[in-house]
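Following the hints, put chain B in place on chain A, whose structure we already have.
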Amino acid sequence: MREIHVERIVDAVRDLAIKANIELGEDVIAAFERALDQEESPTGKDILKRLIENARIAREQRIPICQDTGFAVVFVEIGQDVRVTGGSLREAIEEGVRRGYQEGYLRKSICHCITRKNTGDNTPPVIHFDIVPGDKLKIIFAPKGGGSENMSRVTMLTPAVGIEGVRDFVIQRVKESGPNPCPPTIVGVGIGGTIEQAAILAKKALLRPVGSENPDEELNALEKDWLERINRLGIGPQGLGGRITSLAVHINMMPCHIASLPVAVNIQCHAARHKEVEL
Amino acid sequence: MTEPIRLTTPLTDEDVKRLRIGDRILLSGVIYSARDAAHKRLVALIKEGKPLPFDLQGQVIYYMGPSPAPPGRPIGAAGPTTSYRMDPYAPELIARGLKGMIGKGARSPEVKEAMKKYGAVYFAAIGGAGALMSQSILSAEVIAYPELGPEAIRRLEVKDLPIVVANDIYGGDLYEEGVKRYALL
Numbered sequence: 001m002r003e004i005h006v007e008r009i010v011d012a013v014r015d016l017a018i019k020a021n022i023e024l025g026e027d028v029i030a031a032f033e034r035a036l037d038q039e040e041s042p043t044g045k046d047i048l049k050r051l052i053e054n055a056r057i058a059r060e061q062r063i064p065i066c067q068d069t070g071f072a073v074v075f076v077e078i079g080q081d082v083r084v085t086g087g088s089l090r091e092a093i094e095e096g097v098r099r100g101y102q103e104g105y106l107r108k109s110i111c112h113c114i115t116r117k118n119t120g121d122n123t124p125p126v127i128h129f130d131i132v133p134g135d136k137l138k139i140i141f142a143p144k145g146g147g148s149e150n151m152s153r154v155t156m157l158t159p160a161v162g163i164e165g166v167r168d169f170v171i172q173r174v175k176e177s178g179p180n181p182c183p184p185t186i187v188g189v190g191i192g193g194t195i196e197q198a199a200i201l202a203k204k205a206l207l208r209p210v211g212s213e214n215p216d217e218e219l220n221a222l223e224k225d226w227l228e229r230i231n232r233l234g235i236g237p238q239g240l241g242g243r244i245t246s247l248a249v250h251i252n253m254m255p256c257h258i259a260s261l262p263v264a265v266n267i268q269c270h271a272a273r274h275k276e277v278e279l
Numbered sequence: 001m002t003e004p005i006r007l008t009t010p011l012t013d014e015d016v017k018r019l020r021i022g023d024r025i026l027l028s029g030v031i032y033s034a035r036d037a038a039h040k041r042l043v044a045l046i047k048e049g050k051p052l053p054f055d056l057q058g059q060v061i062y063y064m065g066p067s068p069a070p071p072g073r074p075i076g077a078a079g080p081t082t083s084y085r086m087d088p089y090a091p092e093l094i095a096r097g098l099k100g101m102i103g104k105g106a107r108s109p110e111v112k113e114a115m116k117k118y119g120a121v122y123f124a125a126i127g128g129a130g131a132l133m134s135q136s137i138l139s140a141e142v143i144a145y146p147e148l149g150p151e152a153i154r155r156l157e158v159k160d161l162p163i164v165v166a167n168d169i170y171g172g173d174l175y176e177e178g179v180k181r182y183a184l185l
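Chains as they are written, first to last, in our numbering: chain A, 1 to 279; chain B, 1 to 185.
In isolation and in its complexed conformation, chain A is listed as follows (with noise of 0.2 Å):
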């Protein structure tokens, strides 16, 4: 076995909370430029362009990409052969949260749900375990903003409705969503498992670098066309009209249930920020 101190998940976690929210990946950034080749309305440009700046000023000046640095959702992949020593595991990653929002002026955004009293720390985290083979640690960090969860849905189709169905229901929540999740969007998509787990698919749909492959050549076929079909819509850039509503559809699958056709839309803002590290 081999064996990882609670200390180093601590600093890990913290360092990550904070470069997470200050550097925006090279994935999004050329995205971004790709975009702007396309976009025709000039508002659109113009935004596009503001959105590149605002990535060079956080990351040149330490400050956050966002002021809304998120709901911290940590993906942890435990080795079978690691062993945590000197504390809890799930604590030393909520400590980890707490000091890396403390410490790198990140805003503290959770809160009771009925008294809305802010919770002071930015914890709880949501934290999604896996237990992989080998003997390390991978922790991924990935801040969500309120604005772009908030027009996330998850739906149970009927089986009938088939791929198109499922299209629909994903292209209509875009249109609905509108302005409001701060386009140009990721489309994150999860089909199938069971209600929670197509949440969970399409919410880990969001970690892929934007706009790369999908392995799966029918999916990638999928996400082309949805994403065409989606930038027709017009929405574009910030909702003000414009070509790029969208930078990428990305689709996780897994087989259902024979009675059901699980379908989870998460929407992922322009600041789609991750960063993750091996321990």
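The set of hints was computed from the structure by calculation and includes no laboratory data. One thing to keep in mind: the hints can contain errors.
For lysine-lysine, the following DSS-like pairs were computed, each having C-alpha atoms within a straight-line distance of at most 30 Å [as the list claims (entries may be wrong)]:
1) A:Lys-138 to A:Lys-204
2) B:Lys-47 to A:Lys-117
3) A:Lys-19 to B:Lys-159
4) B:Lys-180 to B:Lys-117
5) B:Lys-159 to A:Lys-108
6) B:Lys-180 to A:Lys-117
7) A:Lys-108 to A:Lys-19
8) A:Lys-138 to A:Lys-19
9) A:Lys-108 to B:Lys-40
10) A:Lys-117 to B:Lys-40
11) A:Lys-117 to A:Lys-19
12) A:Lys-49 to B:Lys-50
13) A:Lys-49 to B:Lys-159
14) B:Lys-159 to B:Lys-116
15) A:Lys-138 to A:Lys-275
16) B:Lys-159 to A:Lys-45
17) A:Lys-224 to B:Lys-180
18) B:Lys-50 to A:Lys-45
19) B:Lys-47 to B:Lys-116
20) B:Lys-180 to A:Lys-175
21) A:Lys-49 to A:Lys-275
22) A:Lys-175 to A:Lys-45
23) B:Lys-50 to A:Lys-175
24) A:Lys-204 to A:Lys-136
25) B:Lys-180 to A:Lys-45
26) B:Lys-116 to B:Lys-180
27) A:Lys-45 to A:Lys-136
28) A:Lys-275 to A:Lys-45
29) B:Lys-40 to B:Lys-50
30) B:Lys-17 to B:Lys-116
31) B:Lys-17 to B:Lys-159
Okay, now just chain B, sitting in the frame of chain A:
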């Protein structure tokens, strides 16, 4: 694109009358930040007939909750939040003299009606461009509800804040117009 219009707060009826959807604005002067929780309290005060923490006359409210200011800076990232959540409260404030709102996303028919009736405009800022928007903020001071943290009301001194007119007093709606122009379906 035409040259941006420079505006200084407080806004007058004359300022508001000459604005049309699509006009690019560089806003300077004092504005106030308020989000969901602060709006709820402001409207409660109005209903109880109590004074507000700041005079609404001619003022502009920015729907924004900043990230904390790092040492040596007036504020952290400071982009707009989605405006529809403030729709239930906005008409009450517009009726009492509020002249401008800054946020992102479309407004409800009730808010648009109040804007036409009382003469107020809605400006769109770029959502998610929090680092960029912070460059136009010279100072920030919490003036009410510090216990709300990021949702406290702040008095902001801004210089050339880049925004665009999304709804004017003539019923124009840039969100509707823009999408109509580019939709291919």
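We went through each hint and held it up to the structure:
1. A:Lys-138 to A:Lys-204: Since the Cα atoms of Lys-138 of chain A and Lys-204 of chain A sit roughly 14 Å apart, the hinted pair holds (cutoff 30 Å).
2. B:Lys-47 to A:Lys-117: holds, 23 Å
3. A:Lys-19 to B:Lys-159: Between Lys-19 of chain A and Lys-159 of chain B the Cα gap is close to 29 Å, so the pair holds against 30 Å.
4. B:Lys-180 to B:Lys-117: holds, 25 Å
5. B:Lys-159 to A:Lys-108: Judged against 30 Å, a Cα distance of about 27 Å means the pair holds.
6. B:Lys-180 to A:Lys-117: violated, 41 Å
7. A:Lys-108 to A:Lys-19: holds, 16 Å
8. A:Lys-138 to A:Lys-19: holds, 16 Å
9. A:Lys-108 to B:Lys-40: holds, 20 Å
10. A:Lys-117 to B:Lys-40: holds, 14 Å
11. A:Lys-117 to A:Lys-19: Cα-Cα ~27 Å, so holds.
12. A:Lys-49 to B:Lys-50: Roughly 45 Å between the alpha carbons, so the hint for Lys-49 of chain A and Lys-50 of chain B is violated.
13. A:Lys-49 to B:Lys-159: holds, 21 Å
14. B:Lys-159 to B:Lys-116: Roughly 27 Å between the alpha carbons, so the hint for Lys-159 of chain B and Lys-116 of chain B holds.
15. A:Lys-138 to A:Lys-275: Holds - the C-alpha atoms of Lys-275 of chain A and Lys-138 of chain A are around 11 Å apart, at most 30 Å.
16. B:Lys-159 to A:Lys-45: holds, 24 Å
17. A:Lys-224 to B:Lys-180: Distance of about 24 Å is within 30 Å: holds.
18. B:Lys-50 to A:Lys-45: With a Cα-Cα distance of about 46 Å, the restraint between Lys-50 of chain B and Lys-45 of chain A is violated, given a limit of 30 Å.
19. B:Lys-47 to B:Lys-116: holds, 23 Å
20. B:Lys-180 to A:Lys-175: Cα-Cα ~13 Å, so holds.
21. A:Lys-49 to A:Lys-275: holds, 24 Å
22. A:Lys-175 to A:Lys-45: This hinted pair holds, its Cα atoms lying about 21 Å apart.
23. B:Lys-50 to A:Lys-175: violated, 42 Å
24. A:Lys-204 to A:Lys-136: holds, 20 Å
25. B:Lys-180 to A:Lys-45: holds, 17 Å
26. B:Lys-116 to B:Lys-180: holds, 22 Å
27. A:Lys-45 to A:Lys-136: violated, 43 Å
28. A:Lys-275 to A:Lys-45: Holds: Lys-275 of chain A and Lys-45 of chain A sit about 28 Å apart, inside 30 Å.
29. B:Lys-40 to B:Lys-50: Holds - the C-alpha atoms of Lys-50 of chain B and Lys-40 of chain B are around 14 Å apart, at most 30 Å.
30. B:Lys-17 to B:Lys-116: OK: Lys-17 of chain B and Lys-116 of chain B at ~10 Å, within 30 Å.
31. B:Lys-17 to B:Lys-159: Holds. Lys-17 of chain B to Lys-159 of chain B sits at ~22 Å (cutoff 30 Å).
Hint check: violations occur at hints 6, 12, 18, 23 and 27; the rest are consistent with the structure.
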